[in-house]
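Visitor: Here are the chains, one letter per residue:
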Amino acid sequence: MKATVLVRPKQGILDPQGQAVESSLRQLGFSVSEARIGRVVDIEVDAADPAKARAEVERMCEQLLANPLIESYEIELSEESG
Amino acid sequence: MTSPQPRIGVLQFPGACDDRDALWALSALDAEAIFVWHSETELPDLDAVVLPGGFSYGDYLRCGAIARFAPAMAAVEEFAARGGLVLGICNGFQILCEAGLLPGVLRRNESVSFVCRDVPLVVERADTPFTTRCTDGQQLTIPVKHGEGCWYADDDLLDELESRRQVVLRYAEPVNGSQSDVAGVVNESGNVMGLMPHPEHAVDPLLGSADGALILASLVEAARERALAFV
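Heads up: the protein sequence lines correspond to chains A and B, in order. For the first sequence, counting from 1, position 34 maps to 34 in my numbering; every step adds exactly one. For the second sequence, counting from 1, position 180 maps to 262 in my numbering; every step adds exactly one.
The set of hints was computed from the structure by calculation and includes no laboratory data. Accuracy of the hints is not assured; some may be wrong.
[Claimed, not checked] Which residues of chain B face chain A? A partial, calculated answer using Cβ under 7 Å: (1) V187; (2) R190; (3) E192; (4) V194.
We treat Cβ as the ideally placed atom computed from N, Cα and C, and that holds for glycine.
Given only the sequences and the hints, what does the whole structure look like? Please build it.
Guide: In structure tokens, the structure reads:
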């Protein structure tokens, strides 16, 4: 199974990288009020069962992929691989 | 046999760069300092452990996030749980936070720039094993060099830490956007400390300041007391 993990800075957490990008976008003439930067992790999970795969990816997020103090995460699963 | 010198282990991760400075400074302050390789599953007989600065395992993902799973870190966690003295400097601080041994997390500097300069610090507590050579309110000058030193804890956690007096060092001027200007914290039981400034780079007046020696000499002294107590 293919899993896509979206890791984002939590609401209310200052995101200096996002602020820098936001000001660059403004300088380019785009009208934006906020930009926040997270991270995408694409993972091929060996489990075939979606529930098992999701549980496995959740454990990955808790242990390593996200720091719960500052980041939230979302998991998307899809059957197709590669 | 009684060793007159306390034995302090300096953890070596791939990507560490301040391990030799830490070893040198501790030795100069009369400790027997030895390296401990990251893949060791057990620590040798030690009176204290130092996690040095650098970029462990390339610091991919988040600073310290991968290093915290090094085999030697499991041994450090056990050592700390038994009350052993652990000091994390810069990347070492980041690793201790990621490992949950210290509260909070170190994030990208508010300026998004790397900061590398001497900074003024205020000693909030001189009664920890890491600050006994200092006095309350003393100002120290110690260099920082980091891109991810902005310490963060949410308001509830910060209130708890302040009420338990776990903030040991504070920047005396804005440096990286740290919450409440926190530069160094201890754990609740007071045997694990982390700080972003580099005391090992400030142990001789030739380097611009010898104030870092106050921190490291406090650690050496506390480690010596423990070495003698356990003989």
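Visitor: Let me make sure I understand: some of the numbered hints might not hold for this structure. Which ones are they, in numerical order?
Guide: none
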